[in-house]
Amino acid sequence: MKKLLIAFLALTTILSLGNFAVALGGVAMVQGEKQLVVNGDFEDGTNGWALGSNWNITDGKLVHSTGSTASTHDSSPKLTLGETFKITYKVSNQTSGSVKMYIGSTGVGITRTTNGVFSENVVCSGNTYIYIIPSTDFNGSIDDIFITEYVGETLNAEKQLLADGDMEDPQT
563 MKKLLIAFLA LTTILSLGNF AVALGGVAMV QGEKQLVVNG DFEDGTNGWA
613 LGSNWNITDG KLVHSTGSTA STHDSSPKLT LGETFKITYK VSNQTSGSVK
663 MYIGSTGVGI TRTTNGVFSE NVVCSGNTYI YIIPSTDFNG SIDDIFITEY
713 VGETLNAEKQ LLADGDMEDP QT
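563 is the number of the first residue of the sequence shown in our numbering; add one for each residue after it.
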């Protein structure tokens, strides 16, 4: 086990000295990735966003209360039609309903019905805005929206596991 830990730390150090940063949980981020969303953490209020009805910014989060399916979208799109983008975002304080992200007006993301941090790849189509679309009964918050160009398969920790983690058995 100690050898595996040393190998992991050495690999992490080598990659961080290059142009890469390692993250656990199946996500690899390249250092210097360009964030394509203005104010994705909502710390600067509504700057960069056009809020639909029943949406507001509270404590640095985009909050929706039940009663409307009006979308919120970014007001300064930086996306390209036909390109695939990786979107990561956090849903919290969700008590009912669902929400999904669109990359463009027809690039549909996955419907989310629980709290959590989510990541998905979506092709930009229709137009170049980023939309957050709730169900009528969605009651919850969105925060930490991060969008980058998708550049290929991400590092998957499950595919990288060794059969013999301590590397002491020459047969595995």
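Honestly, the hints are just simulated from the structure, not real lab data. Each hint should be verified, as a subset may be incorrect.
Unchecked claim - Quick list of in silico lysine-lysine cross-link-like pairs, BS3-like style, CA-CA up to 30 Å:
#1 K652 to K623
#2 K662 to K596
#3 K662 to K623
#4 K596 to K648
#5 K640 to K662
#6 K662 to K648
#7 K652 to K662
#8 K652 to K640
#9 K652 to K596
#10 K623 to K640
#11 K623 to K648
#12 K623 to K596
#13 K640 to K596
To be verified - Label-pair restraints from in silico Cβ distances:
#14 G629 to V713: 34 to 44 Å
#15 K596 to T698: 26 to 36 Å
#16 G678 to E645: 20 to 30 Å
#17 Y712 to G629: 33 to 43 Å
#18 V600 to S630: 16 to 26 Å
A virtual CB, placed ideally from N, CA and C, is assigned to each residue, including glycine.
### Query
Are K623 and K596 close enough, with their CA atoms no more than 30 Å apart?
22 Å, holds
### Task
Could you tell me whether the CB distance from K596 to T698 stays inside 26 to 36 Å?
35 Å Cβ-Cβ, so the 26 to 36 Å window holds.
### Whether the CB-CB distance between Y712 and G629 falls inside 33 to 43 Å
34 Å, holds
### Message
So if I understand the rule, the pair passes when the alpha-carbon distance is 30 Å or less; does K662 with K623 pass?
### Response
Distance ~16 Å between K662 and K623 Cα, so the pair holds.
### Task
Compare the distance between the alpha carbons of K652 and K623 with 30 Å, and conclude whether the hinted pair is satisfied.
Since the Cα atoms of K652 and K623 sit roughly 10 Å apart, the hinted pair holds (cutoff 30 Å).
#### Entry: Satisfaction of the hinted span 34 to 44 Å by the C-beta atoms belonging to G629 and V713
40 Å, holds
### Query
Lying within 20 to 30 Å: is that true of the beta-carbon distance G678 to E645?
About 26 Å separates the Cβ atoms of G678 and E645, which means 20 to 30 Å holds.
### Task
Would you check the hint for K596 and K648, treating anything up to 30 Å between C-alpha atoms as holding?
11 Å, holds
### Query
Within a Cα-Cα threshold of 30 Å, do K623 and K640 meet the stated pairing?
Judged against 30 Å, a Cα distance of about 22 Å means the pair holds.
### Message
So if I understand the rule, the pair passes when the alpha-carbon distance is 30 Å or less; does K662 with K648 pass?
### Response
14 Å, holds
### Task
Compare the distance between the alpha carbons of K640 and K662 with 30 Å, and conclude whether the hinted pair is satisfied.
With a Cα-Cα distance of about 19 Å, the restraint between K640 and K662 holds, given a limit of 30 Å.
### Query
Does the structure keep K640 and K596 at a Cα separation of 30 Å or less?
11 Å, holds
This entry satisfies every hint, going by the numbered hints stated previously.
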